[in-house]
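S.K.: Work out the full structure: start from the sequences and follow the hints.
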Amino acid sequence: MSSLNASLATALSGLISEQGAMATTTNNVANANTPGYSRQVPVLVSSDPTVVDPLTFGSGVTLQSIESIRDPILESQIQQETQTNGQLNSLVSALQQTQVNFTSSTGDIGTAITNFFDSVNQLSTNPSDLSLRQDVLTAAGNLATAFNTTSNNLTAQTANIDQNVVQSVGQINTLTQQIAQLNGQISNLQNVGESAGSFIDQRTQAIDQLSNLVDVSVIPSDNTLTLTTGNGTPLVIGQTAFQLQTQPILSGLHDVYAQGTDITSSIVSGELGGQLQARDQQIPAIQTQLNTLAAGLANAVNTVQAGGFDLNGVQGTNLFNPPPVSGVGAAASLSVAITDPSLIAASSDGTPGSNGNAEALYALNSGAVVSGESPTDYYSGIVFNVGNATSNVTAEQTASNLVLQQLNDQNSAVSGVSLDEEAANLVQYQQAYSASAQVITAINDMMYAVVNMATLTG
Amino acid sequence: MDFSGFGTGRVEADEEMSDTHGDNGLIVIQTCLALMRELEDSLRSSQTALLARDAAGTERCSREQVRLWQLLKALTGNPGSPAIISASRESRCESPPSAAELAELLCAAAIRVQHLARVQLALLRRSHQFLNVLANWMADPETPYCPPQTAGGGPGYAAHAHRGF
Numbered sequence: 001m002s003s004l005n006a007s008l009a010t011a012l013s014g015l016i017s018e019q020g021a022m023a024t025t026t027n028n029v030a031n032a033n034t035p036g037y038s039r040q041v042p043v044l045v046s047s048d049p050t051v052v053d054p055l056t057f058g059s060g061v062t063l064q065s066i067e068s069i070r071d072p073i074l075e076s077q078i079q080q081e082t083q084t085n086g087q088l089n090s091l092v093s094a095l096q097q098t099q100v101n102f103t104s105s106t107g108d109i110g111t112a113i114t115n116f117f118d119s120v121n122q123l124s125t126n127p128s129d130l131s132l133r134q135d136v137l138t139a140a141g142n143l144a145t146a147f148n149t150t151s152n153n154l155t156a157q158t159a160n161i162d163q164n165v166v167q168s169v170g171q172i173n174t175l176t177q178q179i180a181q182l183n184g185q186i187s188n189l190q191n192v193g194e195s196a197g198s199f200i201d202q203r204t205q206a207i208d209q210l211s212n213l214v215d216v217s218v219i220p221s222d223n224t225l226t227l228t229t230g231n232g233t234p235l236v237i238g239q240t241a242f243q244l245q246t247q248p249i250l251s252g253l254h255d256v257y258a259q260g261t262d263i264t265s266s267i268v269s270g271e272l273g274g275q276l277q278a279r280d281q282q283i284p285a286i287q288t289q290l291n292t293l294a295a296g297l298a299n300a301v302n303t304v305q306a307g308g309f310d311l312n313g314v315q316g317t318n319l320f321n322p323p324p325v326s327g328v329g330a331a332a333s334l335s336v337a338i339t340d341p342s343l344i345a346a347s348s349d350g351t352p353g354s355n356g357n358a359e360a361l362y363a364l365n366s367g368a369v370v371s372g373e374s375p376t377d378y379y380s381g382i383v384f385n386v387g388n389a390t391s392n393v394t395a396e397q398t399a400s401n402l403v404l405q406q407l408n409d410q411n412s413a414v415s416g417v418s419l420d421e422e423a424a425n426l427v428q429y430q431q432a433y434s435a436s437a438q439v440i441t442a443i444n445d446m447m448y449a450v451v452n453m454a455t456l457t458g
Numbered sequence: 001m002d003f004s005g006f007g008t009g010r011v012e013a014d015e016e017m018s019d020t021h022g023d024n025g026l027i028v029i030q031t032c033l034a035l036m037r038e039l040e041d042s043l044r045s046s047q048t049a050l051l052a053r054d055a056a057g058t059e060r061c062s063r064e065q066v067r068l069w070q071l072l073k074a075l076t077g078n079p080g081s082p083a084i085i086s087a088s089r090e091s092r093c094e095s096p097p098s099a100a101e102l103a104e105l106l107c108a109a110a111i112r113v114q115h116l117a118r119v120q121l122a123l124l125r126r127s128h129q130f131l132n133v134l135a136n137w138m139a140d141p142e143t144p145y146c147p148p149q150t151a152g153g154g155p156g157y158a159a160h161a162h163r164g165f
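Protein sequence lines correspond, in order, to chains S and Z.
Quick note: the first sequence uses our numbering, first residue 1, plus one each step.
Quick note: the second sequence uses our numbering, first residue 1, plus one each step.
Don't take each hint at face value.
To be verified - On the chain S side, residues computed to face chain Z include the following (Cβ under 10 Å):
#1 I73
#2 E396
#3 Q397
#4 S400
#5 V403
As the list claims (entries may be wrong) - Just a sample of chain Z residues kept apart from chain S, beta carbon distances all over 12 Å, derived:
#6 E38
#7 A52
#8 G57
#9 E59
#10 R60
#11 S62
#12 V66
#13 L72
#14 K73
#15 T76
#16 S98
#17 A99
#18 A103
#19 L123
#20 F130
Said to hold, decoys possible - What follows is a set of in silico ranges between Cβ atoms, one per label pair, in the way DEER data are often shown:
#21 N408/S with Q70/Z: 33 to 43 Å
#22 Q259/S with L124/Z: 31 to 41 Å
#23 Q99/S with V133/Z: 45 to 55 Å
#24 W137/Z with S418/S: 20 to 30 Å
#25 I69/S with W137/Z: 18 to 28 Å
#26 T48/Z with V166/S: 37 to 47 Å
#27 W137/Z with N191/S: 43 to 53 Å
#28 G372/S with A99/Z: 30 to 40 Å
#29 N388/S with A52/Z: 26 to 36 Å
Keep in mind that the hints were calculated from the coordinates and are not lab data.
Note that the structure is predicted; figures quoted are calculated from it, not measured.
For every residue, glycine included, the Cβ atom is placed at its ideal position computed from N, Cα and C.
M.R.: Okay, here's the thing in structure tokens:
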């Protein structure tokens with residue numbers, strides 16, 4: 001038969017375990033509003049029984065461990081969606097800034113093109129009128145300025161995004177360093193059988209933050225994690241963080257390097273992926289279209305100018321300075337070549353009253369002069385592309401926000417702290433603790449009885 | 001709104017209404033607007049269904065959207081058809097706003113519908129990706145996955161999800 005001392009030890013194990021369970025509940029309640037905290041549960045196991053032949057007596061309870069409740073698949077989904085969300089946030093922000101340049105205003109390219117051709121149309125009604133000629137020059141200047149401003153705005157936006165790229169890489173390096181340290185702390189605790197729940201929570205949160213910045217693959221290994229970018233470039237292996245670097249390239253922009261290898265083109269997700277996509281794809285594509293429009297329009301106008309005669313009966317010269325042959329930089333460098341309004345070649349036969357060439361100039365407005373389209377149609381195409389891209393990315397962002405919200409809600413249901421549940425647990429542990437205390441009191445009474453019995457018999 | 005009576009006896013009564021208004025263009029815009037609003041509601045419902053992975057709800061909303069889309073197509077293709085006149089009865093307002101106001105409302109509704117349709121497309125793409133991931137995960141022989149048993153003890157639906165799903 002089990003001794004009173006053994007029963008006392010059993011009751012004591014109950015007291016200690018329930019005390020541990022209450023401490024876990026207290027910690028859960030304290031962290032109910034801590035971001036990234038996963039609720040913990042005490043894992044109570046029955047202690048090894050004592051065999052007193054032929055009977056087997058239980059020897060109490062042991063608080064084996066304190067486990068954090070988490071769903072790794074859900075966490076992985078959150079990390080993946082966070083990457084997409086980060087990318088979309090960067091893209092939406094960039095495209096909305098870009099779109100401002102193409103919204104209808106007095107200074108936009110579309111209005112400037114319309115004003116330019118309107119002034120040419122006016123000139124054709126009275127080709128020898130110097131004030132109307134001056135209007136054409138002014139409108140041409142405004143058109144060039146509109147191209148310059150839009151192109152320069154896009155260049156400035158590219159430079160700003162490039163600065164963000166450098167900052168994002170810095171943030172990535174800070175986080176990978178932090179995750180490597182946490183890997184070490186988690187590994188040390190788990191190697192000695194201790195619970196590393198709060199460190200794992202911190203690491204999960206750091207990985208979520210990293211996912212928001214760059215595409216990350218998480219590979220779990222013994223008590224630690226390996227993190228790589230989407231194309232397998234290591235970011236963290238165990239307790240070692242691999243720093244990313246940024247280096248300026250010929251264009252003045254920065255590329256991202258990992259151990260000497262340029263990985264810029266392989267980063268597709270996260271804020272960094274979105275920044276790179278906006279900087280290297282979206283904005284350059286718009287710049288190219290602007291250059292095509294500026295070069296096409298300038299060349300077409302210059303060609304018509306050369307086919308006519310100015311107010312002095314001399315063959316027309318360029319109205320716009322010829323754009324670069326490659327077209328690169330045409331929008332940023334577009335400028336008016338003449339300052340004398342009489343040099344506008346409105347006449348088709350050399351007489352001051354002829355308006356043949358002015359009409360030919362005006363006809364460019366509806367002619368297929370830029371990649372088979374009229375200047376207005378081509379510009380409308382650019383505006384449509386920018387607007388469509390912005391709308392698409394905004395819709396994707398809305399969907400991503402909805403999905404992320406849904407996943408976070410699901411995760412909260414699994415890992416979040418329910419104060420009602422914790423209150424119930426607290427009562428349960430408190431009652432168990434009181435019961436164990438009662439048992440100890442009872443054993444104490446029994447021992448007292450035994451001692452008194454010994455005194456009486458002695 | 002229920003347009004199930006298209007091309008039925010309701011037409012006669014509605015032709016009367018059309019004569020009363022005398023402005024078929026206005027009626028068409030009003031009907032379009034009503035259909036757009038209904039489409040908007042349906043897209044919001046399917047968004048909720050998609051997020052909740054409610055396949056039946058998604059299917060129901062998709063059918064509804066196809067029906068509304070066909071009505072809109074019919075409306076814009078043949079605004080004078082009896083079906084349209086019938087449909088317009090549902091969207092008649094007590095004090096009809098001007099055509100310009102209606103057109104503005106229609107334009108705004110179209111933009112909202114376009115955005116919602118894009119969001120739905122993005123959500124459908126994500127659902128598709130999720131199902132692919134789930135299928136691969138379940139098919140992985142290394143995964144400690146145990147197909148649930150049906151009430152009768154036989155293999156449940158998840159048996160199909162075993163390798164080769």
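S.K.: Of all the hints given earlier, name the ones this structure violates by number, lowest first.
M.R.: Violated: hints 7, 19, 20, 23 and 27.
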